[in-house]
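Asker: Sequence:
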Amino acid sequence: MVTLHKYDPLYVDAVSNLSVHEEQLQYVGAIKELLEQKEEGWEYHVIKEEGIIVGFFNVDVVYDQRYTFAEMGALGLRAFFIDKNHQGKGIAKKALSQLGQYLSDNYPDRRNIYLTVNCKNTVAYRAYLSSGFIDSGDLYYGDTAGPQHIMIQHLHNS
Numbered sequence: 001m002v003t004l005h006k007y008d009p010l011y012v013d014a015v016s017n018l019s020v021h022e023e024q025l026q027y028v029g030a031i032k033e034l035l036e037q038k039e040e041g042w043e044y045h046v047i048k049e050e051g052i053i054v055g056f057f058n059v060d061v062v063y064d065q066r067y068t069f070a071e072m073g074a075l076g077l078r079a080f081f082i083d084k085n086h087q088g089k090g091i092a093k094k095a096l097s098q099l100g101q102y103l104s105d106n107y108p109d110r111r112n113i114y115l116t117v118n119c120k121n122t123v124a125y126r127a128y129l130s131s132g133f134i135d136s137g138d139l140y141y142g143d144t145a146g147p148q149h150i151m152i153q154h155l156h157n158s
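Note that UniProt numbering has the sequence shown beginning at 1, numbered continuously upward.
No lab work stands behind these hints, which were simulated from the structure alone.
Where a beta carbon is used, it is the ideal one built from N, C-alpha and C, also for glycine.
It is possible that part of the hints are untrue.
If you anchor each label on the Cβ, the simulated ranges turn out as follows [said to hold, decoys possible]:
| hint | residue 1 | residue 2 | range |
| --- | --- | --- | --- |
| 1 | Gln101 | Glu50 | 19 to 27 Å |
| 2 | Phe69 | Gly132 | 30 to 38 Å |
| 3 | Ser16 | Gly137 | 31 to 39 Å |
| 4 | Leu35 | Gly137 | 27 to 35 Å |
| 5 | Glu50 | Ile134 | 13 to 21 Å |
| 6 | Gly51 | Tyr141 | 39 to 47 Å |
| 7 | Lys89 | Arg66 | 14 to 22 Å |
Below, a list of computed lysine-lysine pairs in the DSS-like style, where the Cα atoms sit at most 25 Å apart [claimed, not checked]:
| hint | residue 1 | residue 2 |
| --- | --- | --- |
| 8 | Lys120 | Lys94 |
| 9 | Lys6 | Lys120 |
| 10 | Lys94 | Lys6 |
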């Protein structure tokens, strides 16, 4: 069973051991760097399978202040990933299918969540589409990794 949870400092060792394949680093970065360089407004969450931490994501509660394309009050999804040893098992799909309800429950005053996904990262793009994210039709060019699709999901609070 796949479940989503708020990050707890007790998880630091398990989360620090998560990693992605080398070619995926350009899209999500290294987890140790994320934990060390936490910015204001970032709220960390974990993905568990059968009680074991197998993934991570970051909810940016001030995303709308960082990106002009985001609607006022929108959340941002950042650094969503599944550990390389657990990829290919459908965990990301199961986690993403729960994400809208999870965010609605934990952020009841928010209506939307945005993300950007690199145009070269077709696997992630398809996963987001199949889980309820909509491609806005616009691209974001402000990242060194290249152009990114801007995607949005309306939360159940709408």
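Asker: Now, for every hint given, state plainly whether the structure supports it.
Answerer: To see whether the hints hold, each was checked on the structure:
no., hint, verdict
1, Gln101 - Glu50: 19 to 27 Å, "20 Å, holds"
2, Phe69 - Gly132: 30 to 38 Å, "19 Å, violated"
3, Ser16 - Gly137: 31 to 39 Å, "38 Å, holds"
4, Leu35 - Gly137: 27 to 35 Å, "34 Å, holds"
5, Glu50 - Ile134: 13 to 21 Å, "31 Å, violated"
6, Gly51 - Tyr141: 39 to 47 Å, "41 Å, holds"
7, Lys89 - Arg66: 14 to 22 Å, "33 Å, violated"
8, Lys120 - Lys94, "23 Å, holds"
9, Lys6 - Lys120, "30 Å, violated"
10, Lys94 - Lys6, "17 Å, holds"
Against the hints set out earlier in the document, violations occur for numbers 2, 5, 7, 9.
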